[in-house]
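Trainee: Chain by chain, the residues:
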Amino acid sequence: MNEQLTHMSKQVTAGKLTRREFMGKAAALGVSAAIASNMFAEAARAAGPKKGGDLKFGLQGGESTNSLDPATYASSVPFQNGKQFGDQLVEVAPDGTIEPRLAESVEGSADAKVWTFKLRQGVEFHNGKTMTSDDVLKTMQRHSNEDSKSGALGIMKGIESMKADGDNFQVTLTEPNADLPYLMADYHLIIQPDGGMDNPAAGIGTGPYKLEVDEPGVRHLFTKNENHWNSDFGNFDSVEVVVINDATARTAALQSGQVHAVNRVEPKVADLLGRAPNLTVHSTAGRGHYVFIMHCDTAPFDNNELRTALKYAINRAELVDKVLRGYGSIGNDMPINAAYPLFDETIEQREFSIEKAAEHYKKSGHDGSPIILRVADGAFPGAVDAAALFQQTAAQAGIPLEIKREPNDGYWSEVWNVQPFCASYWGGRPVQDQMYSTAYLSTADWNDTRFKVQAFDDMLFAAKAELDVEKRKSIYSQMGRMVRDEGGLICPMFNDFVEGISNQLDGWESDPTQEMMNGNISRKMWFV
Amino acid sequence: MHPIIKLVSQRLALGLLLLLGASALIFGLTEALPGDAAQAVLGQSATPEALANLREEMGLNRPALTRYFEWLGGIFQGDLGQSLTNKLDISESIGKRLGNTLFLACVAAIVSVPLAIFLGLLAVRYRNRWPDKLISAITLTTVSIPEFLIGYVVIYYISVKLGWFSSLAMVNDSMSFGQKLNAIALPAFVLTLVVLAQMMRMTRAAILNLMQSAYIETAELKGLSTFQVIARHAFPNAISPIVNVVMLNLAYLVVGVVVVEVVFVYPGMGQYLVDAVTKRDVPVVLACGVVFAAVYIGLNMVADIVSILANPRLRHPK
Chain A
1 MNEQLTHMSK QVTAGKLTRR EFMGKAAALG VSAAIASNMF AEAARAAGPK KGGDLKFGLQ
61 GGESTNSLDP ATYASSVPFQ NGKQFGDQLV EVAPDGTIEP RLAESVEGSA DAKVWTFKLR
121 QGVEFHNGKT MTSDDVLKTM QRHSNEDSKS GALGIMKGIE SMKADGDNFQ VTLTEPNADL
181 PYLMADYHLI IQPDGGMDNP AAGIGTGPYK LEVDEPGVRH LFTKNENHWN SDFGNFDSVE
241 VVVINDATAR TAALQSGQVH AVNRVEPKVA DLLGRAPNLT VHSTAGRGHY VFIMHCDTAP
301 FDNNELRTAL KYAINRAELV DKVLRGYGSI GNDMPINAAY PLFDETIEQR EFSIEKAAEH
361 YKKSGHDGSP IILRVADGAF PGAVDAAALF QQTAAQAGIP LEIKREPNDG YWSEVWNVQP
421 FCASYWGGRP VQDQMYSTAY LSTADWNDTR FKVQAFDDML FAAKAELDVE KRKSIYSQMG
481 RMVRDEGGLI CPMFNDFVEG ISNQLDGWES DPTQEMMNGN ISRKMWFV
Chain B
1 MHPIIKLVSQ RLALGLLLLL GASALIFGLT EALPGDAAQA VLGQSATPEA LANLREEMGL
61 NRPALTRYFE WLGGIFQGDL GQSLTNKLDI SESIGKRLGN TLFLACVAAI VSVPLAIFLG
121 LLAVRYRNRW PDKLISAITL TTVSIPEFLI GYVVIYYISV KLGWFSSLAM VNDSMSFGQK
181 LNAIALPAFV LTLVVLAQMM RMTRAAILNL MQSAYIETAE LKGLSTFQVI ARHAFPNAIS
241 PIVNVVMLNL AYLVVGVVVV EVVFVYPGMG QYLVDAVTKR DVPVVLACGV VFAAVYIGLN
301 MVADIVSILA NPRLRHPK
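Going down the list, the protein sequences come from chains A and B. Quick note: the first sequence, position 434, residue 434 per UniProt numbering, numbers continuous. Quick note: the second sequence, position 283, residue 283 per UniProt numbering, numbers continuous.
To be clear, the hints were calculated from the coordinates, so they are not data collected in a lab. Check each hint, because a few of them may be wrong.
Unchecked claim - Derived coverage of chain B by chain A (criterion: at least 3 residues anywhere in the stretch with Cβ under 8 angstroms from a Cβ of chain A; other residues may be distant): (1) 138–144; (2) 147–159; (3) 165–174; (4) 187–198; (5) 262–269; (6) 278–290.
As the list claims (entries may be wrong) - Cβ pair distances, simulated, as ranges: (7) B/LEU29 <-> A/VAL213: 28 to 36 angstroms; (8) A/GLY48 <-> B/LEU102: 47 to 55 angstroms; (9) B/CYS106 <-> A/ASP297: 58 to 66 angstroms; (10) A/SER75 <-> B/GLY178: 32 to 40 angstroms; (11) B/LEU33 <-> A/GLU99: 50 to 58 angstroms; (12) A/ASN227 <-> B/ASP79: 38 to 46 angstroms; (13) A/ASP297 <-> B/LEU29: 29 to 37 angstroms; (14) A/THR346 <-> B/PRO63: 44 to 52 angstroms.
Here a beta-carbon is modelled for each residue, glycine too, at the ideal position from N, C-alpha and C.
Can you make the complete structure from the sequences, with help from the hints?
Mentor: See below:
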C-alpha cells in the first residue's frame, strides 16, 4: 500500500493526478481523508507554485468612499488593492530585512544621510510606458510636497532633497537615518507613471495584476499582468477583492467556498472556524497593539506616580485571555515587541500588582476624583470590555476609573489625540525608529501621549545615525525602558493577525509587517 | 380640470417642496455632525498640513451656504456632482446602486405583496380556526426576529450547510437576469419574511371589519361561497387601508434594508449612504437622502391616489 501511495504522490507532483482523483484512490486504499489530504498537500507543495485559477478575497475594511489613489489608503481593502496593481521601491521581507522590488539595490553613504536606489531597468507600467527615475522622483514628490495629503506625509519628513539621476534615484536627508529603506517600503509609496500627478486614482502601476473593475465598497477585479518584471510573482489568472464588512458574512463566505481568504477573523469564533475541514485559521504575531493612552502634559496624568499606578493596575494576562481570546501576547507599556528587529529581550516585564498600584496611587496624592477613560469599540475591537476589566482591577487598588463611552463615528478626530485619556490602536511600524519617530518624538504630530523628553529625542537621533547594530540595539533598549517607566502609554496587549485561508491555497508564510502576509498572498500563494 | 388631475398636480408640487425641505434638513444635519470629510478620510493618520491641503482640495473651506446652493444649482441642471472622497461621478455610482436596490425591492415585493394579501384573505376565510392561527403565528414570528438574525440563520442552513444558494448576493452587469435572480434569492426571501406580517395582518383586520356589514350578509344569503364573498365584495372596499400599508412596506423595502444589504453583501443604496455619512461625504449623503425622500413621498402619493380612486364617493364628488 505504501508503494502505491508513494507512486500516487509522485504523480501528483508531476501534475498527473488531481486532488479529487488522489482522494478517491487513497480512500480505496483505506487511508483516512485527513491523512490523504495532508499527503496531497505535501505532494502538491513539492511540485512548487502552480499557475492559474481565480483568487477571491473577502475583506473587511472597504467603503464606497475608497479611492485608488495610494495617498489616501487607510484601510484593508485599499491596501490590498495597492498591492495588486503596484510595487514600491523596496519591500520589508517576512524576516524583517529589506527586499528589492522596483529598486535593484539600495546604498547609503557612510553618514547615512544620502541614499541611492539603483532602479530596475525595463519595467513597464500597465499603460505600456517604461518606468524611469523621473516617475519615481515625481511619485515621492507627490507624497511629500507642500500640498500633499498623503498618508505617508509624516514619514516623508526629514527629506532635504531628492533627485533622479539616470538609472538612480537619490534621497538626501537633513539628519542621518540608517532605516531610510524601511520608510520607502511604506505601502502608500507605490510608483505611478508621472508620479500620479495627472491622475492619481487611475490604478495604473507596475504590479503583477492589472485593474479591470473598480467598484468602491463592492469589489475590485484584477487580471494577470503578463509583462510583470518578476514572473515568479502572481500565480493567479485573476484576483478579486470582495468587500465583506460583516464578520459573520465573511466567515460564511469562506466556509461555503465563495472566497479563498478572509481577514479579521473574530477571536471568539476563530477556534470554531478552525475546525472546519476545508480551511486553516492562521494567527500571526504582529506589531499592532491595543492601548490606553494618557497625555503626559495634562493633569492628573502629568504625575508619573499616577501613570505608574495605572500601569500596574491593569491585568494584561486577563485582557489577552478575554479580549483577544489568546490570539495575541501581553504588552510591556512600550510600543515595541519581539516582532521588531533589535528588540532587547531582557527588558523586565511589568506584572499586574494591586499592591504596587495602590502604593504608587497613594504617592501620587491624587484627590480621589474619578479619572475619566474614554472608549469606543472603534478604537479596537473589545475596547469597551477591556476598559470595564481595567476599571474593576483599578478599583481593587482604590483607583476610581470612570468609563465614558464615545461614538465610533468621529472617534479618531474628536477623541484620539484630543482627550487626555482614551483607548487607541497602533498598527506598528517595520522598525523601532519609525515607531518612535511617529509617535514618541517631542515634535511628532501623532505624539498621542504628549511624551516630550529631550533625552529621549537625543537618543532617537543618535540611534538613527548609528550604523553599529549592537550599539543601536542598546540605545533602543534604553529608549524602550524610558517609555515603559515614564511614558503615557499603557500597552496591555499586542494583537495577532487572525486570518482564514482556504486549503485550496498553498504557500502561506507568516509576515508580521501587515495583515494578509503583508498583502502578498496574490503574489506568493497558489492553488494546489 | 378633472378633480383627479388637479389633485395629482397639487400633490406633485407639494412633494417637490417637501423634497427641497428634506435636502436642506439633511444638509444642515450632516454639517452639524462633528468632523468633516477631510478628517474622516485621513482618520488616525491626519496631520495638520494634510488636513489643510485636503480641505482646500475638497472645497470645504468655503461657507456652508455657498456649498449648499452650489449643490442645489447643480441639481436643477440634473447634475448630482462628484463624491468628495473618491471623486467619482455620483449620478453614475448612485444609478447602479439604486438599480440594485430597486431590483431587490421589486423581487421581494412581487413575492410578498400577493402572498401577504392571499394569506390575509385565507386567514379571514378560516378565521379563528387552525389555518388562521398558523398563518398569524408564522408571520408574527418572522417579523419579531431581527432581520440580521433571520439572515444569519438562512445563510447557515441554506448556504453553508446545504449549499443551494450563494451567501454573497453580489450582482454585476456581466450577469444574466437568471443569475441575478439566483444571487438575490436569499436576501429577497429574508425581506419577504420581514414584510409579510404587517400587510397580512392589515388585510385580515380590514376585511374582518367589513364582514359585519349588511351587504356581506346579503351576499352570503345569495348563496355565494365564503371566499367569493371575501374576494368580490369585501376586498374592494378594504383596498384603501391595504394599499396604505403595502406602500409603507414598499418604501421600507427601498430605504430600510441596509442591515440585509450588509449581511448578504448586496451593493445597494443603504450601504452607500452609511459609508457616505461616516465619511461626511455631503454631496453623496444629499443625493441618497433626496432619492430616499422622493421614494417615500412618491409611494405615499400613490397610496392616496389609489385610495381615492377606490372610493366612489371621493371619485365622483358632488
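Trainee: Would you mind marking each hint as holding or not holding in the structure?
Mentor: Evaluation of the provided hints:
1. 138–144: violated (count 0)
2. 147–159: holds (count 4)
3. 165–174: holds (count 5)
4. 187–198: n = 0 at 8 angstroms, threshold three: violated.
5. 262–269: Satisfied; 5 residues make the cut.
6. 278–290: Coverage by chain A holds here, the residue count being 4 at a Cβ distance below 8 angstroms.
7. B/LEU29 <-> A/VAL213: 28 to 36 angstroms: holds, 34 angstroms
8. A/GLY48 <-> B/LEU102: 47 to 55 angstroms: holds, 49 angstroms
9. B/CYS106 <-> A/ASP297: 58 to 66 angstroms: Taking Cβ atoms as reference, B/CYS106 and A/ASP297 lie about 59 angstroms apart, which means the hint holds.
10. A/SER75 <-> B/GLY178: 32 to 40 angstroms: At 35 angstroms between Cβs, range holds.
11. B/LEU33 <-> A/GLU99: 50 to 58 angstroms: violated, 43 angstroms
12. A/ASN227 <-> B/ASP79: 38 to 46 angstroms: holds, 39 angstroms
13. A/ASP297 <-> B/LEU29: 29 to 37 angstroms: Because 36 angstroms falls inside the window, the suggested range holds.
14. A/THR346 <-> B/PRO63: 44 to 52 angstroms: Check failed, 59 angstroms falls outside 44 to 52 angstroms.
Checked against the numbered hints given earlier, the structure breaks hints 1, 4, 11, 14 and satisfies all the rest.
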